[in-house]
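*Asks:* Chain A is already provided as a structure; the job is to place chain B on it using the hints.
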Amino acid sequence: AQSVTQPDIHITVSEGASLELRCNYSYGATPYLFWYVQSPGQGLQLLLKYFSGDTLVQGIKGFEAEFKRSQSSFNLRKPSVHWSDAAEYFCAVVVLDDMRFGAGTRLTVKP
Amino acid sequence: EAGVAQSPRYKIIEKRQSVAFWCNPISGHATLYWYQQILGQGPKLLIQFQNNGVVDDSQLPKDRFSAERLKGVDSTLKIQPAKLEDSAVYLCASSSLQGIAYEQYFGPGTRLTVT
Chain A
585 AQSVTQPDIH ITVSEGASLE LRCNYSYGAT PYLFWYVQSP GQGLQLLLKY
635 FSGDTLVQGI KGFEAEFKRS QSSFNLRKPS VHWSDAAEYF CAVVVLDDMR
685 FGAGTRLTVK P
Chain B
10 EAGVAQSPRY KIIEKRQSVA FWCNPISGHA TLYWYQQILG QGPKLLIQFQ
60 NNGVVDDSQL PKDRFSAERL KGVDSTLKIQ PAKLEDSAVY LCASSSLQGI
110 AYEQYFGPGT RLTVT
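Protein sequence lines, in the order shown, are assigned to chains A and B.
Heads up: take any position in the first sequence, counting from 1, add 584, and you land on this note's numbering.
Heads up: take any position in the second sequence, counting from 1, add 9, and you land on this note's numbering.
Keep in mind that a hint or two might mislead.
[As the list claims (entries may be wrong)] Computed cross-link-like contacts, DSBU-like style, restricted to lysine-lysine with a CA-CA straight-line distance of at most 35 Å:
(1) B:K20 / A:K694
(2) A:K633 / B:K71
(3) B:K53 / A:K652
(4) B:K53 / A:K633
(5) A:K633 / B:K20
[Said to hold, decoys possible] Some chain A residues near chain B, calculated using beta-carbon distances under 7 Å:
(6) Q626
(7) G627
(8) L628
(9) L630
(10) F674
(11) F685
(12) G686
(13) A687
(14) G688
Calculated from the structure, these hints are not laboratory results.
Don't be surprised by glycine CBs; every beta carbon is placed ideally from N, CA and C.
Next comes chain A alone, as it looks inside the complex (with noise of 0.2 Å):
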């Protein structure tokens, strides 16, 4: 079946320490591939995208990912994690417009 997995309901890094969130998929082919961020009481922010070429996409915020196909995984990292980071974040996959998201990683972090 189709599917989006975010592996890590909830995370809790330090401020400063590196930072990287798990996010597979299971679509027969290669989807689009988006990371969104949602602060409390906040819509969802576009972090960054990828459609094709570079495997490695720069977003905002500092943040960064990597697609890898032989792993179907699209992980989201950063070096350096402020406080406020501190959210959810949700991968989501689009094929042939059918917009599917994870169940999404809840970001703490500590002092």
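*Replies:* Just chain B now, with coordinates in the frame of chain A:
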């Protein structure tokens, strides 16, 4: 530029009552989306409009949910009658280009609680 506006921000109703949500997209954005986000889950697309026409409503529970975008600008999503399982955040998004692959701008959402 102003973002996507939604109202109300919060709504509490009893089951079997009706409720309506309003969305005003970013000016000039032809495509408008309504999503349902149940607690602990990612958003699920309910309906997509291109101007005032429906592009995709395959996941809209049409026996109780309806949506319209009469003048191709703002939109209303209605639930009648509401069920307990409709408790969720309802997100509206808009984009300037057709096709769900293009960047969508989200409103803050309406949190619905059905008791």
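*Asks:* Hints first: check each against the structure and report whether it holds.
*Replies:* Each hint tested on the structure:
1. B:K20 / A:K694: holds, 33 Å
2. A:K633 / B:K71: holds, 32 Å
3. B:K53 / A:K652: holds, 25 Å
4. B:K53 / A:K633: holds, 19 Å
5. A:K633 / B:K20: holds, 33 Å
6. Q626: holds, 6 Å
7. G627: With Cβ-Cβ at 3 Å, under 7 Å, it holds.
8. L628: Hint holds; A:L628 Cβ to chain B Cβ min 4 Å, cut 7 Å.
9. L630: holds, 5 Å
10. F674: Interface hint status for A:F674: holds (5 Å vs cutoff 7 Å).
11. F685: holds, 3 Å
12. G686: For A:G686, the interface hint holds, since the closest Cβ of chain B sits about 5 Å away, which is under 7 Å.
13. A687: At about 5 Å, which falls below the 7 Å cut-off, the nearest Cβ of chain B leaves the hint on A:A687 intact, so it holds.
14. G688: holds, 6 Å
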